[in-house]
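One letter stands for each residue in the lines below.
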Amino acid sequence: MREDELFMQGVELMLFGVSTVVIFLSLLVLAIGLASRVIQRFFPEAVPAQPARQGRSPVAPRTSGPTVDAQRSAVIAAAVHQHRKRHRNG
Amino acid sequence: MREDELFMQGVELMLFGVSTVVIFLSLLVLAIGLASRVIQRFFPEAVPAQPARQGRSPVAPRTSGPTVDAQRSAVIAAAVHQHRKRHRNG
Amino acid sequence: MREDELFMQGVELMLFGVSTVVIFLSLLVLAIGLASRVIQRFFPEAVPAQPARQGRSPVAPRTSGPTVDAQRSAVIAAAVHQHRKRHRNG
Amino acid sequence: MDNLLRLWDSTGLAHFQPGQVVMILIGLGLLFLAIRKQFEPLLLVPIGFGGVLANIPGAGLAYSAAENALHSGDPVVLAEMARVLGQAVASDAESLLHALGMAALPAQHAAASAAEAAGFGNGMLYTFYTVSIASGVAPLVIFMGVGAMTDFGPLLANPRTLFLGAAAQFGIFVTVLGAVGLSSLGIMDFSLADAAAIGIIGGADGPTAIYVASLLAPDLLGAIAVAAYSYMALVPLIQPPIMRALTTQAEREIVMTQLREVSQREKIVFPLMLLILVALLLPAAAPLLGMFCFGNLMKECGVVKRLSDAAQNALINITTIFLGLSVGSKLVADKFLDIETLGIMLLGVLAFAIGTASGVLIAKLMNRFGSHPLNPLIGSAGVSAVPMAARVSNRLGLEANPSNYLLMHAMGPNVAGVIGSAVAAGVMISLVGG
Amino acid sequence: MDNLLRLWDSTGLAHFQPGQVVMILIGLGLLFLAIRKQFEPLLLVPIGFGGVLANIPGAGLAYSAAENALHSGDPVVLAEMARVLGQAVASDAESLLHALGMAALPAQHAAASAAEAAGFGNGMLYTFYTVSIASGVAPLVIFMGVGAMTDFGPLLANPRTLFLGAAAQFGIFVTVLGAVGLSSLGIMDFSLADAAAIGIIGGADGPTAIYVASLLAPDLLGAIAVAAYSYMALVPLIQPPIMRALTTQAEREIVMTQLREVSQREKIVFPLMLLILVALLLPAAAPLLGMFCFGNLMKECGVVKRLSDAAQNALINITTIFLGLSVGSKLVADKFLDIETLGIMLLGVLAFAIGTASGVLIAKLMNRFGSHPLNPLIGSAGVSAVPMAARVSNRLGLEANPSNYLLMHAMGPNVAGVIGSAVAAGVMISLVGG
Amino acid sequence: MDNLLRLWDSTGLAHFQPGQVVMILIGLGLLFLAIRKQFEPLLLVPIGFGGVLANIPGAGLAYSAAENALHSGDPVVLAEMARVLGQAVASDAESLLHALGMAALPAQHAAASAAEAAGFGNGMLYTFYTVSIASGVAPLVIFMGVGAMTDFGPLLANPRTLFLGAAAQFGIFVTVLGAVGLSSLGIMDFSLADAAAIGIIGGADGPTAIYVASLLAPDLLGAIAVAAYSYMALVPLIQPPIMRALTTQAEREIVMTQLREVSQREKIVFPLMLLILVALLLPAAAPLLGMFCFGNLMKECGVVKRLSDAAQNALINITTIFLGLSVGSKLVADKFLDIETLGIMLLGVLAFAIGTASGVLIAKLMNRFGSHPLNPLIGSAGVSAVPMAARVSNRLGLEANPSNYLLMHAMGPNVAGVIGSAVAAGVMISLVGG
Ligand code: NA
Ligand code: NA
Ligand code: NA
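Order-wise, the sequence lines are chains A, B, C, D, E and F.
The letter at position 61 of the first sequence is residue 61 when you use the working numbering, and the numbering goes up by one with no holes.
The letter at position 81 of the second sequence is residue 81 when you use the working numbering, and the numbering goes up by one with no holes.
The letter at position 10 of the third sequence is residue 10 when you use the working numbering, and the numbering goes up by one with no holes.
The letter at position 292 of the fourth sequence is residue 292 when you use the working numbering, and the numbering goes up by one with no holes.
The letter at position 205 of the fifth sequence is residue 205 when you use the working numbering, and the numbering goes up by one with no holes.
The letter at position 226 of the sixth sequence is residue 226 when you use the working numbering, and the numbering goes up by one with no holes.
Keep in mind that a hint or two might mislead.
Where chain B lies over chain D, by a calculated footprint (3+ residues, C-beta under 8 Å) [to be verified]:
hint	region
1	158-171
2	192-204
3	268-282
Covered stretches of chain C (chain F as the covering partner; in silico rule of three or more C-beta atoms under 8 Å from a C-beta of chain F) [to be verified]:
hint	region
4	6-16
5	27-34
6	37-43
Quick caveat, the hints were computed from the structure, so don't treat them as lab data.
Keep in mind it's a predicted model, so treat the numbers as computed, not measured.
Every residue, glycine too, gets a C-beta built ideally from N, C-alpha and C.
Chain A on its own, in the form it takes in the complex (with noise of 0.2 Å):
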């Protein structure tokens, strides 16, 4: 009995949790799309805040030393790759 009981809640508790999660975040990205948009026709910059730096991870490392070293080896690596790349193209 009691056992079903605790099941069931657990299976409530699932379907409520997964429903909330993808409405407030659907919500986010109609938020964020809007936003932007506000934003870029109404208060345009006009530089833009930073360049964007392709390839540089978002998030400060919160590991030490190696894993950094190895995301900004990478980092060259790919910029080597694609100037190689280029001048094979052209």
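Got chain A sorted already, so can you dock chains B, C, D, E and F with the ligands onto it with the hints?
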């Protein structure tokens, strides 16, 4: 009745407050003067602690970027101005 | 009566204390020796962690400026001295 | 279905009250002023954000466990809380909240225990407030950091400017009178303690205002802190017209003699001397001025650079974050949206204006009697609002005479104003508090 | 002789229990993984060390004063504690410990007072736990710091990736179901609150997991935190096989269009918008997401660099030290060495796997309908585990096509996953807690 | 008129007692020594300043709310406090203060509540003391920071020097004997716990002394901390004559063989090994040595640089500020100006002298039996006082032989002395405390 009393308490607070502030700071003026004279006469420093930096804010900036820059450029402007003035006079 | 008892407790505390400290640190000496041998034999490091810096204080200075400078100049003086000595001998 | 109701009940939408909407808009407005207009952003960003957080309906971030229990509206909990508070079992939440506010300490502790037992906890901002402001610690730590960033050199070189710092505190006391006057006329309802706390806005010094308000009028703390920091940010707008109206062009052109150099020993002795004077005359100002002097001594003595750096950076920054959020917790609708807040805002700007005027006028007076020339424009810097007010003096001096740099001269009254308002705070606390 | 006995009795050797030996070995194992294998060392070094400290026999570092009094075994103290707890005077320590755990708040306070009066104090780690975790402060402060380190640019440039962050939270809820299922089958004994806390492991976000566990299942906090951080460190091992199994070579080769630049204003508005949405819909997530948004706003607004720096450095580092040691305090043998812990570890890896799979599958689905190409490999980054999971996506993308750099594209779902699991945490807290 | 009296009554002048004047002068004296003579300024600046603050009459910064209520002298408050403390209603403040000190915990809490209800609050320094020292946290955090700054390389290269660190703790225990001896002779009135706390001065390690005193003899904490830090600063004066008297010129000229390099792995394993040994033998030392080892592990493991930096900088500096001020709060006249303080100062210097002598003598002894030459001058470094004592050894070595650099060799016993006195502290706590 009560309102008048409150107002009288306010008047009292003002009188005591103003006099305390004035007396306190006057004593501080006297104390500074005394201390300066004692130190300069009996405990002079061989070398002055720091050269006086004209135009530098004595309080480290509590606000960020722009104000500091504003201040710095004001200082620079001042220096330029004084330089010109001296040459004009001479 | 009570005073003598207090004194005897002090003596006891001294005896137990001294022996505990000596025993503890002796065991630590043994443990260090054992660990060093095990690590050096079975888990040697390819490259030593840091070059031994002769004369560098192993504790980051907890007091400010002057003492640190004193230490540094002592180290420099030492180096100069050894240099001279070597040349004198050679 | 039950869960669906519970889910809906758990949304904010189900509970939003108009006051909360207004307060969230006010919070966002403060953020706008802080970020876009650079109104004292270091404080107003956390205060504004804290204000938004405090008014999220159903989250109860600014309430204690007992308040959260009462806001829950659960009848079982309400009955238990009524029992603990010695009220009729059928009391509604509002009357119980009132009873809680009036209750003696033991009853309050009992209510807190009952609420905790029922699964309610202190809101996050309430916790921050308790630890940082109710304990008195955060404003004192900030004051220590400010002390560690302040150079008393200009003041020591020209100690007479202390009188300007004294004069500019006149606004504080006139404002106290104004506040009790409004009460006497029945327009507002400020106690003497409230009036004293409101007056301190005129001290133009954030941590002092928060410290005094936390002791004398915690309910008004939100409005007082917002007023203090807003008007400090508005100093470049508030002061110049007053300064121009009270001075002639000739006075504004006065060039002051350059300041002498001050030795390190004088700078080390100063905070100790100030401390001794506080000990002799005004112990009630000892926490504020003691920490201020301590910070300054750490800076000037030169042998504890590590500690001085910590006081000026990590410690003051961390404390500012929590102080700001905690002040924000006092921006809940039922405490802030009140005619009293309007009174505080009006009295606050009055205090600034009177302080500015007094400083300028006393400077003119001193100029008549002293041997050295004194530009009256530096009088306004005596309100504190470091270093904004000194910059305003400098700017108006340059306007009148493009080679008249008053910044260093104005720093004397400027830091004197900090001491002056801390002394005024001590008077208030010793006469009104306790 | 008496003293000699007392001395022997005061050694650890006299009191070591097998469970403590095992737990110390587990603590050392965590240290090994953290130091040698670099498993989330910032958290696992303090957690592992705290775990060793917590299990030092006789030191009682992880126990409250009352627990230490009961562990002492002193019959006089036991009798007094029994009296205070309303138990039979002859009760043994174990039954009194049980009674203490069950006691109402006033009885617990009385027991604490009695223990203090008898000379017992709270253990060091217990103090750290009370201040940092039980108060809820430490995880929130860490979350603020993480917010101040997060750049939402990639997410704002491609908001659709938020759906991937939503999808990957599916693992959380399946795990809840798994946990209650194990209970229903009588294999384990998890309550709904326990199940909810365990599920959050699948959120792959340490502070969120600790925050939820501290509210819903404090007894399981040690195991949950260890599982969360261990699996976050194991993301490079757990995810790739699942990602490869669910995608074709062609899908993995998909090159995504470059992200547009996002203006600073959009970045400033985003945390405020998120906050408003939380206020409207899910107040229970307000503490977590509020502090996160606050940190992010401090970073992006550009006018409070001092505060943002403090949040990203001094404050988060100091908090991490105490948070880690406090989590370690929950690794005491009698709470950790339990069949439940095994269940938590198994359910945790299940949660990660399901979250990864859901992210990838939804990405494949979205790829069918959207106009822009979407590489399904970035779906797995939706579990959070910032920035590890995004790097895994990048690595697999490069494997399939050496010029396919997915890192920036994967950062969108990656930070979306942080929001997603905080939202899921809010749902749990509002439905299960309180 | 009433207000005028109240104002006068609120000045310090109206309340100054001779003892407070003396203590303020002592505080200023400590500041002079710290700033001018660089006597351990990092601690003695805050301690000295705290001592001045604590003795400001009427401010009550070092007193609890209840003590402040009693000091107020208000007859209504006194009557209420007497009732709460179960004393005759007509009791005077002094007898009530005594009763408060003797009262059981519940009565103390009741007194605190009554005082708060009457509008009295804890003094600022009292709050700092409660949070930082009474909780035990501050000395432990400092110890963690010291651990994170200590390099055990020289000790690991020559582990025999641990014996010197053991030998130099002999002074601790002889001092204990001296203190109980003075009591036995009726000259002073130290309990065994007092004696143990006084002895730890000889450990020449500030945080250890404060930690032990806070547990065993809180009333003597002020004098003990001042003695410990003063004598640590005086090491360059106290040690050399003893060292010269006990060694011959030939011994002082002994050149020691260069130390081998120690691998990082040995350095990582050392703190863990030390921790295990503590767990096995001396759990009472677990808080102190546990935090020390934790700090050292963070430093050496190399993967948590952020945390190690925080422990060595922001955290230790902030803690030092509050620790110092808190110690200063124990320099109130009625607790410090006492014949016992004189006894503590005398016994303290005795402890340093005996520790120095024992270190040197054991070094001479070891030199007879060991294979490698050992310069007895490094024995004195075993008292700790890091790194001052090691520098003294180095200086005397250079005096005897201008090419004899002992600094690195002396660092071994120097850091061994830290461990030694923490072990001694553990013995004291487990035998005397609790
Ligand atoms: Na002012
Ligand atoms: Na997540
Ligand atoms: Na020692």
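Hint by hint, here is what the structure shows:
no. : hint    : verdict
1   : 158-171 : holds (count 8)
2   : 192-204 : holds (count 3)
3   : 268-282 : holds (count 7)
4   : 6-16    : holds (count 8)
5   : 27-34   : holds (count 6)
6   : 37-43   : holds (count 3)
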